[in-house]
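Residue strings, one per chain:
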Amino acid sequence: MTTTASSERTERRLEVRPSRRGDRAFARLVGAAALTILFTLVAVFVFLAVQGWAGMTSGSATYAPFTSFVGYIWPLIVSTLLASAIALVVAVPFSVGVALFISHYAPRPFAAALAYVIDLLAAVPSVVFGLWGGRYLATYLQPAHMWLHDHLGFLPIFGEPSPNGRSLFTAGIVLAIMIMPIMTAISREVFMQTPRLHEEAALALGATRWEMVRYAVLPHARSGMVSGMMLGLGRALGETMAVAMVLATTPTVTLDVIGTASPATIAANIALNYKEATPERQSLLIATGLVLFVVTFLVNFAARWVAGRSARRLGS
Amino acid sequence: MAKSIDVSDLHIYYGDFLAVEGVNLTVKSRSVTAFIGPSGCGKSTMLRSLNRMHEVIPGARVEGKIVVDGQSLYDPSVDPVAVRRQIGMVFQRPNPFPTMSIYDNVLAGSRLNARRLKRSEADAIVESSLRRANLWSEVKDRLGRPGMGLSGGQQQRLCIARAIAVEPEVLLMDEPCSALDPISTSAIEDLIHELKTEYTIVIVTHNMQQAARVSDDTAFFNLKAAGQPGRLVEFNPTRKMFSTPDEPSTEAYISGRFG
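Line order of the protein sequences matches chains A and B. Numbers 95 to 410, taken from the numbering used here, label the letters of the first sequence in order. Numbers 520 to 778, taken from the numbering used here, label the letters of the second sequence in order.
Extracted from the complex, chain A is given alone in its bound form (with noise of 0.2 Å):
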């Protein structure tokens, strides 16, 4: 009698299933927003070809002073990928170094101080970036364009130095700065995570700390690394202002980075014909941005594959 009592109660309590409708709405919700992340992408990606097919169609008098498209396009993707690149390789060991510093290395109450000044200057608006660029920073960096010329000049991204320090050189030491904020505060997170296990075994077995950053936290935080370069990467592609305000922009053919005439970058060559642009060079500009978001992706990849490379090389 008390045993089937006691049995119906437990196979009632199986049955009554506790509520997951919050558990449903939120999973949904989730995923409606990493759908519509995924939508809006498509979305520009559609817009841009549909809108740009036209530009990269249209008669050849559209396109001067150059005849094609291909002829157009080329100079500006040499440029924003100069740019980048010149940003990149000074924004890169910069950003790890101070990351590290902070992690650790710095006093604790210096270490938060310096890292919410990096932060700051991430809300530092580019339209500011470029007019200091180009106003102040660019006098200043006219002399390391000689010295550049002089003792490099033999490659040929170190032609005739650029007289006011106006340059795609500048405009990439001044995406530098911009990227260098989320570089820092991605990096320092991932050291900041590094397992203490690991540290500690370093440091058990006799390392200084260089040593315990290289095998600890170094390979710990490739990754994370990869990923703050990438979101710097992007930023210094897509980077409009500060370069359409440092460079004076001649549609040129060009590898020199110091010099005076070089082709602005896709993002500014869109802001700086924007206004004027009739119906054909409208369609031009959007097929130039359709190339930017391809290139973007491109570098993205490449990026990624390079990095994850040495971690495909040890298996697991």
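A few of these clues could be false.
What the hints assert, rightly or not - Computed cross-link-like contacts, SDA-like style, restricted to lysine to any residue with a CA-CA straight-line distance of at most 25 Å:
#, chain 1, residue 1, chain 2, residue 2
1, B, K659, B, M619
2, B, K637, A, R229
3, B, K637, A, A206
4, B, K637, A, R308
Derived from the structure by calculation, the hints contain no laboratory data.
We have chain A; now place chain B onto it with these hints.
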């Protein structure tokens, strides 16, 4: 190679908090000394102060003296990095470097000494260390695989191989078996028996049977009272400790009446 350790009047602090008070003991060379006691009584803290790993935690410091073979560890002229190269350590949870292969894990310490190793030298160190850690036969065909791919017990023996690859004088083990199953535990205990012919070993353990099985001397730590610093209650040969301890609280702890 193996050396004895003299600890006199040692106080260990975390900032202003006194964690361990007034420890005096002597760890004999080529023997196994076990630290036992309830959780939070400062055994691990004590162990970590023996190779200056304690001060890695911000604010942590030590007062008193630890002398290894006539050399005071906390002398201002002594470099903690040098101390840790002579006194190896194995942790509670196995911690091989996750991005390194088994081979590179064993060599991690030797490479720190910044000496260029010839391939043949490196191979010899890897083989002899892994053999001494009783791991060679299990991993000799996959030295290039990541250390993290091994089982927990194998990882812990890999960590022991890594620690002894640099020929330390003393080996500290902080609850080396607490994350392992009984079979791996027994493998490590056998290993401890073999290693004590070459090294001075200090082991922290929560497992009283383990202390009785592997150690020659045992130190029992306990808190004076709740919220008070930990202190050394009794330090005696293990055999005496587990049969006729001097202190009633030691007997109470060992027989399971508290803690």
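We went through each hint and held it up to the structure:
no. : hint            : in the structure
1   : B:K659 x B:M619 : holds, 16 Å
2   : B:K637 x A:R229 : violated, 56 Å
3   : B:K637 x A:A206 : violated, 44 Å
4   : B:K637 x A:R308 : holds, 21 Å
Comparing the model with each numbered hint stated earlier shows that hints 2, 3 do not hold.
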